[in-house]
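Undergrad: Just so you know, we're using our numbering here: the sequence shown kicks off at 1 and counts up by one.
Quick caveat, the hints were computed from the structure, so don't treat them as lab data. Take the hints with a grain of salt, since some may be wrong.
Cross-link-like lysine to any residue pairs, in silico, SDA-like; alpha carbons within 20 Å at most [stated by the list, open to error]: (1) Lys103 / Asp25; (2) Lys87 / Thr47; (3) Lys44 / Pro92; (4) Lys44 / His69; (5) Lys44 / His28; (6) Lys87 / Asp104; (7) Lys44 / Phe22; (8) Lys87 / Thr18; (9) Lys103 / Arg59; (10) Lys44 / Gly73; (11) Lys103 / Gly73; (12) Lys44 / Phe5; (13) Lys87 / Gly73; (14) Lys44 / Glu61; (15) Lys103 / Ser115; (16) Lys44 / Ala2; (17) Lys87 / Ser64; (18) Lys87 / Arg66; (19) Lys44 / Ala107; (20) Lys103 / Thr47; (21) Lys44 / Asp17; (22) Lys87 / Arg102; (23) Lys44 / Ser74; (24) Lys87 / Gly65; (25) Lys87 / Phe108; (26) Lys44 / Phe108; (27) Lys44 / Leu11.
Pair ranges (Cβ atoms, derived) [as the list claims (entries may be wrong)]: (28) Gly16 / Glu111: 19 to 27 Å; (29) Ala107 / Asp17: 19 to 27 Å; (30) Gly48 / Arg3: 18 to 26 Å; (31) Ala35 / Thr113: 18 to 26 Å; (32) Asp13 / Arg110: 20 to 28 Å; (33) Asp41 / Asp13: 12 to 20 Å; (34) Gly33 / Ala107: 28 to 36 Å; (35) Arg110 / Asp67: 23 to 31 Å; (36) Arg112 / Asp67: 30 to 38 Å; (37) Asp99 / Gly48: 31 to 39 Å; (38) Asp51 / Asp78: 37 to 45 Å; (39) Asp17 / Arg68: 28 to 36 Å; (40) Ile94 / Gly65: 21 to 29 Å.
On a predicted model such as this, the values are computed, not experimentally measured, just so you know. Note that CB positions come from ideal geometry on N, CA and C, so glycine has one too.
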Amino acid sequence: MARRFDTIARLWDVIGDTGIGFCLDTCHTWAAGEALTDAVDRIKAITGRIDLVHCNDSRDEAGSGRDRHANLGSGQIDPDLLVAAVKAAGAPVICETADQGRKDDIAFLRERTGS
């Protein structure tokens, strides 16, 4: 519905507090060219919440507009940025990665986040 954070802000202004949740997708954020370093803080400033994180790497460069998920550590996103976003969000996480390698992705996140 909205790719860039400024568009999300306009959409959220219209939606208001209707009980709709927010899912932060790391690959979508990356593809939009939004910085992952402060993405959680910026989204929480807009929506007041993050209810779910789809954690995945990206096969393509930042700002490409392409949503092509990759297993953690095999794409363009620094794994430390992914871990930091997951920790900062404080929400449930789905590893939205390929079947092959997903167990390793989940183990990596559990080890790095202590969950």
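Undergrad: Decide, hint by hint, whether the structure agrees.
TA: Each hint, compared with the structure:
no. : hint                       : result
1   : Lys103 / Asp25             : 19 Å, holds
2   : Lys87 / Thr47              : 18 Å, holds
3   : Lys44 / Pro92              : 15 Å, holds
4   : Lys44 / His69              : 24 Å, violated
5   : Lys44 / His28              : 16 Å, holds
6   : Lys87 / Asp104             : 18 Å, holds
7   : Lys44 / Phe22              : 9 Å, holds
8   : Lys87 / Thr18              : 26 Å, violated
9   : Lys103 / Arg59             : 19 Å, holds
10  : Lys44 / Gly73              : 26 Å, violated
11  : Lys103 / Gly73             : 13 Å, holds
12  : Lys44 / Phe5               : 11 Å, holds
13  : Lys87 / Gly73              : 17 Å, holds
14  : Lys44 / Glu61              : 25 Å, violated
15  : Lys103 / Ser115            : 15 Å, holds
16  : Lys44 / Ala2               : 16 Å, holds
17  : Lys87 / Ser64              : 25 Å, violated
18  : Lys87 / Arg66              : 25 Å, violated
19  : Lys44 / Ala107             : 27 Å, violated
20  : Lys103 / Thr47             : 31 Å, violated
21  : Lys44 / Asp17              : 13 Å, holds
22  : Lys87 / Arg102             : 19 Å, holds
23  : Lys44 / Ser74              : 28 Å, violated
24  : Lys87 / Gly65              : 25 Å, violated
25  : Lys87 / Phe108             : 13 Å, holds
26  : Lys44 / Phe108             : 25 Å, violated
27  : Lys44 / Leu11              : 14 Å, holds
28  : Gly16 / Glu111: 19 to 27 Å : 39 Å, violated
29  : Ala107 / Asp17: 19 to 27 Å : 37 Å, violated
30  : Gly48 / Arg3: 18 to 26 Å   : 20 Å, holds
31  : Ala35 / Thr113: 18 to 26 Å : 20 Å, holds
32  : Asp13 / Arg110: 20 to 28 Å : 37 Å, violated
33  : Asp41 / Asp13: 12 to 20 Å  : 19 Å, holds
34  : Gly33 / Ala107: 28 to 36 Å : 30 Å, holds
35  : Arg110 / Asp67: 23 to 31 Å : 25 Å, holds
36  : Arg112 / Asp67: 30 to 38 Å : 24 Å, violated
37  : Asp99 / Gly48: 31 to 39 Å  : 34 Å, holds
38  : Asp51 / Asp78: 37 to 45 Å  : 25 Å, violated
39  : Asp17 / Arg68: 28 to 36 Å  : 34 Å, holds
40  : Ile94 / Gly65: 21 to 29 Å  : 22 Å, holds
The structure fails to meet hints 4, 8, 10, 14, 17, 18, 19, 20, 23, 24, 26, 28, 29, 32, 36, 38 from the earlier list, while all remaining hints are met.
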